[in-house]
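Novice: Numbered according to the UniProt record's numbering, the sequence shown spans residues 1 to 69.
No lab work stands behind these hints, which were simulated from the structure alone.
A quick note: this is a predicted structure, and the numbers were derived from the prediction, not measured.
The beta-carbon is built from N, C-alpha and C at its ideal position, and this holds for glycine as well.
It is possible that some hints are incorrect.
Here are the simulated distance ranges between beta carbons [to be verified]:
1) R44 to T23: 28 to 36 angstroms
2) D60 to G21: 28 to 36 angstroms
3) V69 to G21: 25 to 33 angstroms
4) G21 to R44: 27 to 35 angstroms
5) I20 to H45: 25 to 33 angstroms
6) H45 to D68: 29 to 37 angstroms
7) K34 to V69: 26 to 34 angstroms
8) H45 to G21: 32 to 40 angstroms
9) N22 to S53: 14 to 22 angstroms
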Amino acid sequence: MQQASSVPSYVHGASDKLLIGNTIGRLLDQIAEKYPDRPAVVVRHQNIRLTYSELRQRTDELAEGFLDV
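Turn these sequences into a full structure, and let the hints steer you where they fit.
Specialist: Shown next, in the form of structure tokens:
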């Protein structure tokens with residue numbers, strides 16, 4: 001199995017500037033560290049609320065599941 005690399009995203013086209021200068025995973029980690037108890041996901045009609053800390057935990061679990069496949 002080939003391990004995926006963490007490569008920051010670049011704009012499509014002629015620009016060589018980073019879009020956000022980070023991977024989405026690292027960005028979520030930074031936000032979760034800074035604002036762990038703030039709401040990240042709110043789905044009112046299903047009564048779902050996740051904080052950034054909870055979202056990070058769930059995305060880590062999902063990533064581990066993908067790596068096990």
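Novice: Hint by hint, work out which the structure violates, then give me just those numbers in ascending order.
Specialist: 2
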